[in-house]
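> Construct all of the structure, not just a fragment, from the sequences and the given hints.
Residue numbers (the numbering used here), protein chains in the order written: chain A, 26 to 388; chain B, 54 to 389.
Hints are not guaranteed to be accurate.
What follows is a list of derived Cβ distance ranges for each label pair [unchecked claim]:
| # | chain 1 | residue 1 | chain 2 | residue 2 | range |
| --- | --- | --- | --- | --- | --- |
| 1 | A | N183 | B | N314 | 50 to 60 Å |
| 2 | A | A329 | B | V177 | 39 to 49 Å |
| 3 | B | E223 | A | T369 | 33 to 43 Å |
Computed cross-link-like contacts, DMTMM-like style, restricted to lysine to aspartate or glutamate with a CA-CA straight-line distance of at most 20 Å [what the hints assert, rightly or not]:
| # | chain 1 | residue 1 | chain 2 | residue 2 |
| --- | --- | --- | --- | --- |
| 4 | A | K316 | B | E332 |
| 5 | B | K325 | A | D278 |
| 6 | B | K325 | A | D326 |
| 7 | B | K325 | A | D250 |
| 8 | A | K259 | B | D343 |
| 9 | B | K321 | A | D250 |
| 10 | B | K321 | A | D326 |
| 11 | B | K182 | B | E131 |
| 12 | A | K259 | B | E113 |
| 13 | A | K316 | B | E192 |
| 14 | B | K215 | A | E339 |
| 15 | A | K259 | B | E335 |
| 16 | A | K49 | A | E305 |
| 17 | A | K192 | A | E178 |
| 18 | B | K106 | A | D326 |
| 19 | A | K265 | B | E335 |
| 20 | B | K161 | B | E192 |
Looking from chain B toward chain A, a few residues come up when the C-beta cut is under 7 Å (computed) [said to hold, decoys possible]:
| # | residue |
| --- | --- |
| 21 | E113 |
| 22 | N132 |
| 23 | I135 |
| 24 | G137 |
| 25 | V256 |
Read the hints as simulated data drawn from the structure, not as lab findings. The beta-carbon is built from N, C-alpha and C at its ideal position, and this holds for glycine as well.
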Amino acid sequence: MDEFTPAAPVADHDRSKGGAIGRKELRNASVSGADLYDIRGLEVFFPVRQSFFKSMVATEKHWVRAVDGVSFTIGAGEILALVGESGCGKTTTGRTLLGLEKQTGGQILYKGLEVGKFTPGAIRDYRRNCQIIFQDPYNAINPKHTIFDIVAEPLVVNHLVANEREKEERVVRALEEAGLRPARDYLYRYPHELSGGQRQRVCIAGAIVLEPDMIVADEPVASLDVSIRNDILKLMVQHKNELGVTYLFITHDLSLAWVISDRIAVMYLGKIVEIGETEEVVANPRHPYTKALISVIPVPDPTARRERTILTGETPNPAAIPTGCRFHPRCPEVMDICSRETPTDVQISGTHYAACLRLNGQH
Amino acid sequence: MSKGESAAAAAAKGQAIEHDGILDVRDLKAYFKLGDGDVKAVDGVSFMLEQGKSLGLAGESGCGKTTAALAVLKLLPENGRIVGGEILFDGKNLAKRTEYGMSKVRWKDISIIFQGAMNALNPVQQVGKQIAEPIVLHEGISEAKAMLRARELFDLVGINPKRVTEYPHEMSGGMRQRAMIAMALACNPKLVIGDEPTTALDVMVQAQILELIERLRHELDLSFILISHDLSVMAETCDKGVIMYAGKVVEAGTTAQIFNNAKHPYTKQLIKAFPNIHETREMVSSIAGDPPNLLNPPPGCRFYPRCSEGEPACTQIEQEMVELDPGHFARCWKAA
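Here it is as structure tokens:
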């Protein structure tokens, strides 16, 4: 492993030094230009636990580089899909945006303000604006609470409602926006009385009840049946169009990303290897990893015989990242220099970028 | 319903009654006993698989596809039982077999790759030993010899044979699924059933596993039944397809017939629910409503409440399978 020492978590570091961003500044901030988020060189490293003896002897600490220098923007009111295999760091990226994991480097700018510098009060307000939906609706909600309590809880803990009537109105509105109609039929039911799709709708209602700017949807449909899956995807598009909610859609299924997202970012082992407009990336993929991912997506048509590029092996361990281009051990188009040089982003067209050494010098 | 009657019923419906299939399921009925009655999970299912071919059994959760496959192996849970029909495997009717008789068939002739390799392997036993166990039982050879065979099987499915002494937690998801496949092949079965063998795997690993199954099928001349909710996977791997809805087969034929010339409204809507990345981008459609309660299924066509092409007459007529083209059947009177 090459030499490396991550900085102390930015948040603690900067808050003590001053320059903190308070609630007032956050309230007055607006989306400058078109980007809600501007993520620059984001790094999230987790220390590898070592035995006591090893930690005494070892000269350096080992790190799992879950997210290793990722830069991208999320425009207000768009659906950005973050696609990749398990272990590529897509979920960690999403969680870090919400402050659920600590970043070890880089910057997250939300409406132009650096999230790492928020005061505790500002963080609370920030989290109200940015919500998350988890993969498994069976485990994400408390089975002993009624649907009303589950959806109302974020309103109560944030002191956002003055009285019971207002609380009920907002819960009913959120449930209806999540597609549970008539909402009053669901209020006093328990999660076990609902199907998987209905539970996921309750999770969505719990997220949108706070009227957030942004929702991180972490594999929201992976555990649902096809027909229900499509309903949830439609709901996300509808929220984007009608409520202006921005989505970071985290998925391993590129075909679903293709269906609903405006832009796609493909991640491999902690880095974004290709990003661009959805149709452009799918029609004209330039990174060998993206090409392979697209080539293996099954399609409901047995006559569509086509070349499939099936990569061998699985995503390597992020604690032992290959040198040079981290994709080179599995790359079907590998060259000699790939094990030595690290590729940089190459602009293909407009907002389409790919990081592959084969592209250097071609554009 | 007696055996004779069900065979006659199948014959009357004009369904395949040739005897060249390795597995010929006729009018199979498997019910689950609940407090308030019988859940008719599989209610008169017929399909036939020829030697060396692959057949896909697809449908939404709860349509009875897994129950049908478990019934073939007579592995239904305690409250489930086969109520009627025949399961002809190589000409022998498995539906009539005793538990002891079935134990001779399982793994030796028919094996199954279970869904979720994470849970199907024993976490406290070495993977190689788990593979050797059925070999010792069925072939009566020593464990040392069986372990040698386990190593060969590991090699066959693309895992380093040295890893036979590892435990399941030391393997990745894809590798565990490969180990499950090795286990299914342990006793050289003629027929392998894959129950959602790639669900919960990443797309790339899924492609690897499907390619492996395809290769093994040709190398070992296996017959294969794929149970999947994912029509795209079925389209890519199977010769024939059977679409199930609410315990009944609604359409059957070659995969080309089903996907390029679907006749049953359910099949048509289900295909549209899967994105096709090679065509123009459009929102995938969903099928409104829920499948019927199988404790008390509605009369007439079971899909009628969700069907976009239904007519009131659909609730009156008990739908039969109609042959539209040679080998292509659909359970819809309007398709005829």
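> Decide, hint by hint, whether the structure agrees.
Hints and how they fare:
no., hint, in the structure
1, A:N183 x B:N314: 50 to 60 Å, "holds (56 Å)"
2, A:A329 x B:V177: 39 to 49 Å, "holds (44 Å)"
3, B:E223 x A:T369: 33 to 43 Å, "holds (37 Å)"
4, A:K316 x B:E332, "holds (17 Å)"
5, B:K325 x A:D278, "holds (17 Å)"
6, B:K325 x A:D326, "holds (11 Å)"
7, B:K325 x A:D250, "holds (14 Å)"
8, A:K259 x B:D343, "holds (18 Å)"
9, B:K321 x A:D250, "holds (17 Å)"
10, B:K321 x A:D326, "holds (12 Å)"
11, B:K182 x B:E131, "violated (28 Å)"
12, A:K259 x B:E113, "holds (19 Å)"
13, A:K316 x B:E192, "violated (46 Å)"
14, B:K215 x A:E339, "holds (19 Å)"
15, A:K259 x B:E335, "holds (11 Å)"
16, A:K49 x A:E305, "violated (40 Å)"
17, A:K192 x A:E178, "holds (10 Å)"
18, B:K106 x A:D326, "holds (18 Å)"
19, A:K265 x B:E335, "holds (17 Å)"
20, B:K161 x B:E192, "holds (9 Å)"
21, E113, "holds (5 Å)"
22, N132, "violated (20 Å)"
23, I135, "violated (26 Å)"
24, G137, "violated (29 Å)"
25, V256, "holds (6 Å)"
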